[in-house]
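Undergrad: Letter by letter, the chains look like this.
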Amino acid sequence: MEITFEHVTHSYNVNSPTASLGLDDVSMTIKDKKFTAIVGQTGSGKSTLVRHINALLKPTSGTILVGDRKITSETNNKNLKSLRKNIGMVFQFPESQLFEDTVQKDIMFGPMNFGASAREAKAAAKKMIKLVGLDESYLEKSPFDLSGGQMRRVAIAGVLASDPETIILDEPTAGLDPVGRFEIMNLFKNLQLKGKTIILITHNMDDVANFADEMAVIHSGKLVATGLPKDVFNQQDLLKEDLLSLPKSAEFARELSSQGFHFDKLPITITALGKEIKQQLGD
Amino acid sequence: MDKIILGRYLPGDSLLYHLDPRGKFLLTFYFVGIVFLANNGASYAFLLAFVIFAVYLSKINFGFFIKGLRPVFWLILFTVALQLLFTPSNNPIWHWGIFTFSKDGLVIAGYIFMRFVLIIFISTLLTLTTTPIEISDSIESILKPLKKVNFPVTQVALMLSIALRFVPLLVDETTKIMDAQRARGVDFGEGGLIKRIKSFVPILIPLFVSSFSIAYDLAIAMESRGYKDGEGRSKYRVLKWEKRDTLTILFMLGLTVILLFLRSY
Amino acid sequence: MEKIISIKNLTYTYPDSKTPAINDLSLDIYKNEWLSIVGKNGSGKSTLTKLIDGLIEADSGTIVIDGEVINEENIWDARTKIGIIFQNPDHQFVGATVEDDVAFGLENQGMPREQMVKEIDRALDLVKMSDFKTRDPQSLSGGQKQRVAIAGVLATKPQIVIMDESTSMLDPDGRKKVLDLVQKLRQEQDLTIISITHDIEETELSQRIVVINDGKIVQAGTPSSIYDIGPHLTKFGLEEPFSSQLVQTLRNSVKLPEGYLNEEELKEQLWKLHSSM
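Residue numbers (UniProt numbering), protein chains in the order written: chain A, 1 to 283; chain B, 1 to 265; chain C, 1 to 277.
Watch out, some of these pointers could steer you wrong.
[Unchecked claim] In the SDA-like style, the derived pairs of lysine to any residue whose C-alpha atoms are separated by at most 25 Å in a straight line are:
1) A:LYS240 <-> A:ASP24
2) A:LYS81 <-> B:GLU190
3) A:LYS105 <-> B:SER199
Simulated from the structure, these hints should not be mistaken for laboratory data.
Work out the full structure: start from the sequences and follow the hints.
TA: Here is the structure:
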């Protein structure tokens, strides 16, 4: 599903002295079956932006098109299930959404809400628990007896179980150790390669460089850049104004270029950087 | 959650913000008490004039107080309707079965309505201009005499202030969990009563779990910072009673005297 | 070097577990050093912190802090020498405002108010949060809350600061500010820093890394000696450093010296190769 924002503005606490602008006239398109990263400082409006896609928030003005579904300020709170079924959302620290007494029941919760039969939901739970890297024996355990990292995986399985076409991730790896982070990011990349649309909110520019096809930069509720990561990370104005930081490889290349080395475009991954260095050293 | 004004603090700067919270706290209760002394048009008008004056002094937008009425709107409407229809009278304007509509009923309903407005306005005024921690400080200070009977006043006060401190955090947590479950297909406003109650289980359990985890972490953090049992602690927050606080009390007493003159016996 | 903490043959098993979380562990920590403790989730790192601060009691073994063997009587004194910054900024903020939170530890010591006022100003100044003195925690970012937590700890003038994954929930900007601050304070205030972490950049700031697995120390040494094992670092819950990953892609065609190179050293080597072309 392609997702389009047309002049979307969202203000919090309208008509109150504490009113604030969460989104300011955002227009953008999130391409179908691509991996799109959304970056920006804390409080820039990234989370507000993605909550409009499944109508958890509605725009104050403007329109969001999700496939052929239209969301405006007038959108009714009823009949949103068909929309939400197709949009899986992994929140920050998603383990806090677990509530059932077994892992299996918790994973089944989403699919059953969206109309799956108990049999279908059970089958989904079995499939998903393996997908997130845990074995079937976990299905009968209480989610509250698991470690933090395992709870995270169960929560992710619970979101994936409804088989959504689009998956929105709000810093899904925050607080995990590096191995866990790597496994979870690869899981989502593989889902994309199998035909899902992935939208990732992150502060980790290396993840953007390594996994994303497209990226968008948000600052103070405004969209300030979109495009391919290798192009966006080379927009000097963004870096100068501190709206964006660089992946490690690009940063290293920039430092190297102070003596001898020259990069037409900063490489953003280690592989690309290594290749450039080898070439410049005459290999 | 953003719409409820009752019990919320609004940062600001005016005389009412600077008054000693103990004075404000006690006077608010005192005012609620003397509202019941009013029994005719003149006395209600006088109290209303005072409340409007206090609102003016606070420099807070009047709209906030109107909003404060909203959550109790139905309660007010119900009570007023009850008075309108059930006040017994010798010369009713309209009478049908158990219902009576009369001039007396109209007047009493008007008074009841005034009482609600006055009490809600004045208590909204207290919470808008006083931080929760100041209110908890006042309670501690007012309860101090109970220490003599071994009531753990300081511990209770710390408990209260920590509880207040974590309310906004739990509100955020609730919003987040609700969003997460809505994204998983829960519809909170759908179906019959049982279904609706059931739909809150996926919120309440995570909320309990996270409250316990906050409590556990906080207890460890407090112990690591040397909190033992509340004994032998000194206090950083101090309340200072100033001349203007005494003047406010005197002003309120004067007000009471005028009120006693205005009411009919 | 003077020892500030000396742990000998420490063992601890959680009541509901069969295998010990800390298993016959011995470790000396020196004054003013920055020590990183790393290991996978569940390796026993956080248990060790709680044991050092006496928040849980060991089954056997001894802990000596600043020359004194810790027991039930002197644990409260020992605690005044140790400050801990925990992981979740929201779960350790006790006060209703920044100043009240910094005051908490001082109130526990029964410090007179006039002195508290001075100490709070000093501590907030050290962490550059003086402008936020009367703010409530809700209006602060995660990084700012952690700086307040550090001020709260500094106000009581500890000798040891333990950071228990205290930057793991922060955004990169908040994390950098907290780490820069701790680095600066270690030097200025003569503090000993013990940081429990998964963050490779955080370990680069330390003088020594101790790797814990199944409640035991399996490796210890300077950062470069630990980083030398390259890709195997993931077994310890650490990511391979950037420079080491880059060296691997270059090694077969670019001539680089053996062993671990940090980013600065690698840059120097590459510049040298470039200029000699």
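Undergrad: Each hint needs a verdict: does it hold in this structure or not?
TA: Structure-based check of each hint:
1. A:LYS240 <-> A:ASP24: holds, 22 Å
2. A:LYS81 <-> B:GLU190: holds, 12 Å
3. A:LYS105 <-> B:SER199: holds, 15 Å
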